[in-house]
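Visitor: Listed below are the residues making up each chain.
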Amino acid sequence: MTSTSDAVSISGRMSLENYVLALADDALIASHRLTEWVARAPQIEEDIALGNIALDLLGQARLLLPYAGSLGEPARTEDELAYLRDERMFRNVSLVERENGDFAVTMARLLLFSAYQHELYGRLLGSTDPTLAAVSAKAAKEVAYHRDHAEQWVRRLGDGTAESHARMQAALDAEWPWVDELFDGTWLDPALVADGVAVDPADLAAPALAWVRDVLAEATLAEPEVRPAVSTGRDGRHTEAMGFLLAEMQHLARSHPGAAW
Amino acid sequence: MTQHSDLWEVFVRPRRGLAHVHAGSIHATDAAMALRNARDVYTRRQEGVSLWVVPAAQITATSPDEQDSFFDPAADKTYRHPTFYEVPDDLHI
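Chains A and B are the protein sequences, given in the same order.
Each step along the first sequence adds one to the number in numbering that gives the first Met the number 0, with nothing skipped, and position 214 is 213.
Each step along the second sequence adds one to the number in numbering that gives the first Met the number 0, with nothing skipped, and position 49 is 48.
Don't take every hint at face value.
[As the list claims (entries may be wrong)] Output of the computed footprint for chain B on chain A, the stretches with three or more beta carbons under 8 angstroms from beta carbons of chain B:
| no. | segment |
| --- | --- |
| 1 | 104–118 |
| 2 | 146–154 |
[Stated by the list, open to error] Take a look, some chain A residues computed to stay more than 12 angstroms from chain B by CB distance:
| no. | residue |
| --- | --- |
| 3 | Pro41 |
| 4 | Gln42 |
| 5 | His250 |
Because the hints were derived from the structure by calculation, they are not lab data.
Note that the structure is a prediction, hence the values are computed from the model and not measured.
Backbone N, C-alpha and C define an ideal beta-carbon position, used for all residues, glycine too.
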């Protein structure tokens, strides 16, 4: 029934949907984890800072999810994608779904994730896909601030007291195995990269990690020598923490379908 | 952590050409973090284009006890206002 060109465009739409969902889910799940800090941060100022960052990420997700939803067949709304998808359908990396741990863990994760996002959006500004380019124009500025916030804290905790240094180093050691998945592009349709729509995550590793290493050096922290974790979030196979996260995030929408303020 | 944080006073310049105006105070461990905390707390809704942070301990303020001697003497000196004086008709400004 479908001609060859239709088949190509349908598969192109599917791989674009998959890509946009991956970016959106990273932002959505990272945002949810950060909101868990609100009212629990070390200072009220940090409550607000983490809340701001979480809302920036939620804003990115809210631009990307409707776009991903429009590419699918049938089309889905952002609420359907955020609140009614099952765990296996989420495309985020494992790094962002992991439990918060102490403040040092959250800062280690924000440092790594924002270093990746900074390089990603910096390049996606030039995407041939106008929606992705527009989202990146907004997100690039936001992420630059997230990156700075993480850097400020990692430098202070790393180069602070013996206790803060030990906890910051332990946090880095715990999160480092999950970094590789950010730069894994094997799940991505190479045609999207060739067409200038997507950015190959592998190209982001060198600049993002170079920046992270500079911060670690200033913070007197050692780059962890740990083996990468087996991380399969992009395929929808998540760590144990993800189910609990989704249960909390989706509970209201699933218990009261169609509820509105 | 809070016990290691100092209090900083925050001044926000709402627009280019206007002066920085005191907005409130925040806690921070040092000046760089104070600026960032001030940004997060006081410019979330586009309130400003420039920020100053000043250690609260560095501000010398008048005391409420001195209110009378500091400020009241100005109350009955209306001649300090330009409107106190009548401009002569034949003065062309």
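Visitor: Evaluate each hint against the coordinates.
Guide: Tested hints:
Counting residues of the segment 104–118 of chain A whose CB lies closer than 8 angstroms to any CB of chain B gives 0, which falls below the minimum of 3, so the coverage claim is violated. Coverage of a stretch by a chain is defined here by at least three residues with a beta carbon nearer than 8 angstroms to that chain's beta carbons; for the segment 146–154 of chain A and chain B the count is 3, and the condition holds. With 12 angstroms as the threshold on Cβ separation, the claim that A:Pro41 sits away from chain B is violated: the shortest Cβ distance comes to roughly 4 angstroms. In this structure A:Gln42 is not separated from chain B by more than 12 angstroms, as the shortest Cβ-Cβ distance comes to only about 6 angstroms.
Under the 12 angstroms C-beta cut-off, the non-interface status given to A:His250 relative to chain B holds; the minimum distance is some 28 angstroms.
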